[in-house]
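Undergrad: Here is how the chains run, residue by residue.
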Amino acid sequence: MTFWLELIAGGLITGGIYAVVAMGLNLQYGLMRVMNISHGEFLMVGAYLTWLAHTTLGASPLLSLPFVMIVLFVVGLGVYWACFRPVMKTAARTAAPVEVIEARSLLVGFGLMFFVQNAAYLAFGADLRGYSYLAEPLQLGGMRLSANRLVVFGFALAASLALLAMLRWTLVGKAVRAMMQSPTGAQLLGIDTRILHPAVFGLGLAFAGAAGALLSMVYEISPSMGEPYTVTALIVITLGGLGSAAGCLLGGLLLGLIEAFGMHLTSPSLKMLLSYAVLILVLLARPKGLFSR
Amino acid sequence: MRRIPVVYPAGATIALACMPWLLPDFYLSLLLTCLMYAGLAVSWAMFCGATNYLSLATAAFFGIGAYVTAWGFQALGYFPAVLLGGLAAAAFAALVGAAVLHLRGAYFAVITFGLGELVRHAITYYEKTWMHTVGRIIAEAPESTTVYFTVLVLALAAVAAAVAVRDSRLGLALRGIGQDEGRAQTLGVNTRKAKIAAFALSAFFAGALGAAMAVRWTYIDPPTVFNPFIGFQTVLIAMVGGAHTIVGPLVSSIVFSVLTEFLRLQFPYVFLIVLGTLLIVLVLYLPGGFASLFDKRFFRTSDAK
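Quick note, the sequences are listed as chains A and B, same order.
Take 4 as the starting number for the first sequence in the working numbering and just add one per residue.
Take 51 as the starting number for the second sequence in the working numbering and just add one per residue.
Be aware that a few hints might be false.
Stretches of chain B that chain A covers, calculated by requiring three or more beta carbons in the stretch to come under 8 Å of a beta carbon on chain A [said to hold, decoys possible]:
| no. | stretch |
| --- | --- |
| 1 | 156–168 |
| 2 | 324–334 |
Not everything, but these chain B residues come out facing chain A in the computed CB check (under 8 Å) [to be verified]:
| no. | residue |
| --- | --- |
| 3 | N102 |
| 4 | H171 |
| 5 | A172 |
| 6 | Y175 |
| 7 | K178 |
| 8 | L237 |
| 9 | G238 |
| 10 | F282 |
| 11 | M289 |
| 12 | Y319 |
The calculated lysine to any residue pairs, modelled on SDA-like cross-linking and capped at a C-alpha distance of 20 Å, are [what the hints assert, rightly or not]:
| no. | chain 1 | residue 1 | chain 2 | residue 2 |
| --- | --- | --- | --- | --- |
| 13 | A | K274 | B | K178 |
| 14 | B | K178 | A | L276 |
| 15 | A | K274 | B | P278 |
| 16 | A | K177 | A | T187 |
| 17 | A | K291 | B | H152 |
| 18 | A | K177 | A | I198 |
Everything labelled a hint here was simulated from the structure, so no lab data went into it.
Source: prediction; values computed, not measured.
All C-beta atoms, glycine included, are put in the ideal place defined by N, C-alpha and C.
The following block holds chain A by itself, in its conformation from the complex:
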């Protein structure tokens, strides 16, 4: 019994991180059709920033989390201005703007992925890095879980819920949702894409950075750590439905559970196969996401 509880807890913890990773990407894709395939690379940047702050300044990873988010938000503004704003601008003049934005932003994303990943290799080398933080195990209702994983789960859940609350109740959130429903209608009501697009892109990267900072507390980090998370984020978005933040949270937790149980019942080396099988099944059976009505 305890074993199964531990399995469920492990799945939920992984799933919580998946949800945070996916949420930033989902926001960007849902709002402006920018499929930023280098999302995981910025997660890696967040992880390295946290690691640097911890090893050189001795800063607590939890304290540096907000700073990492702010840094990545600013980086996001810069990346949007340099790379994605021109895509949006030129695409608006073509016959099928949405398709053009999707295709070109995907290629730009690949370019960014090469750039950021290899810049990190140059700066930090290919070695695995890590630090130990709150690694002692905790007893919780008979389950043994390490403290850092619980903290990570708590923060992941809090970040996801904060984003959900922001989208639901604040004016900015309402503007974002309006823009997702009808870009033209929202613009007619005076919502300015020139401010909202960069802000949301930056917010997406800030969430990627937060996920990276959280991951660095639990796992070892390397410049190529980001790629698998990008793919996982895409699977979560597909599960939860495009542009749906709540679906993203549920989808992330669900994928974490599926992976945990699937790996236990078959074999750990089948993790990727399992994720892809889920992705393809969902795309074939419910292409709009599991929770769509």
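Given chain A, work out where chain B should sit, using these hints.
TA: For chain B alone, coordinates are given in the frame of chain A:
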């Protein structure tokens, strides 16, 4: 559409066929890489350039072909293995295409990107569980001139197929799909059939090239042959050259292979940083590839794209 006089391709073919006797080994192997990427990029553009789909499955097809050689080389011989590698990749593409070709845009790209990883993990798992080894050794490779001529024939066949498809009803259907799939359907095109056929055809060449090149590595394991870099490089070459043309990918495959050969080994990280930057700059400022420069200057009347 612009016609190139038959003299140029015929001359190029004869020149390329003479190379094994003219060039030292190092340059011959560089030329082999050029030919491989030319074949891959042209066959990629055959489907993706016309339909505006972004397929990242090249690495999967290439790896499948290479694994067919690894498994069947000893039993079948080289040429049947190459043919079988192409057919296996084409069959795989048709199967997968039937399932995912109704998706467009980012979804399609991501799924096809995952395909390579999926096949790679499946083969690794299979080898680990049932064969108890990962990877295999190719004991007696055919002579390098045999490999060279095989790859040359495949690359030429890919170009010939691209020309044939472009001039056929299938090519017309594919371009129709690229511009507006709904409209193509309304006009009576069976878009599903056309897409699957072209996807499988382009996969055939990627698979056959993988099977032909596999003997160049003496040791084959999943990470080598399912290297996503092969897929990225192919897409990049085709996009940089101009995916809606045939000459564009051919020319840029030469440029890229030479650059890769000389820079990648010496400055691996800087090379990829430059490659990434180049990709971004190109997409932003020259989305039609370098071929679009020439379109504008010399061929204003060519069909707009």
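Undergrad: So, for every hint listed, does it hold in this structure?
TA: These are the hints, each one checked on the structure:
no.: 1; hint: 156–168; in the structure: holds (count 9)
no.: 2; hint: 324–334; in the structure: holds (count 8)
no.: 3; hint: N102; in the structure: 7 Å, holds
no.: 4; hint: H171; in the structure: 5 Å, holds
no.: 5; hint: A172; in the structure: 6 Å, holds
no.: 6; hint: Y175; in the structure: 6 Å, holds
no.: 7; hint: K178; in the structure: 7 Å, holds
no.: 8; hint: L237; in the structure: 17 Å, violated
no.: 9; hint: G238; in the structure: 22 Å, violated
no.: 10; hint: F282; in the structure: 7 Å, holds
no.: 11; hint: M289; in the structure: 7 Å, holds
no.: 12; hint: Y319; in the structure: 4 Å, holds
no.: 13; hint: K274/A - K178/B; in the structure: 15 Å, holds
no.: 14; hint: K178/B - L276/A; in the structure: 15 Å, holds
no.: 15; hint: K274/A - P278/B; in the structure: 19 Å, holds
no.: 16; hint: K177/A - T187/A; in the structure: 15 Å, holds
no.: 17; hint: K291/A - H152/B; in the structure: 13 Å, holds
no.: 18; hint: K177/A - I198/A; in the structure: 14 Å, holds
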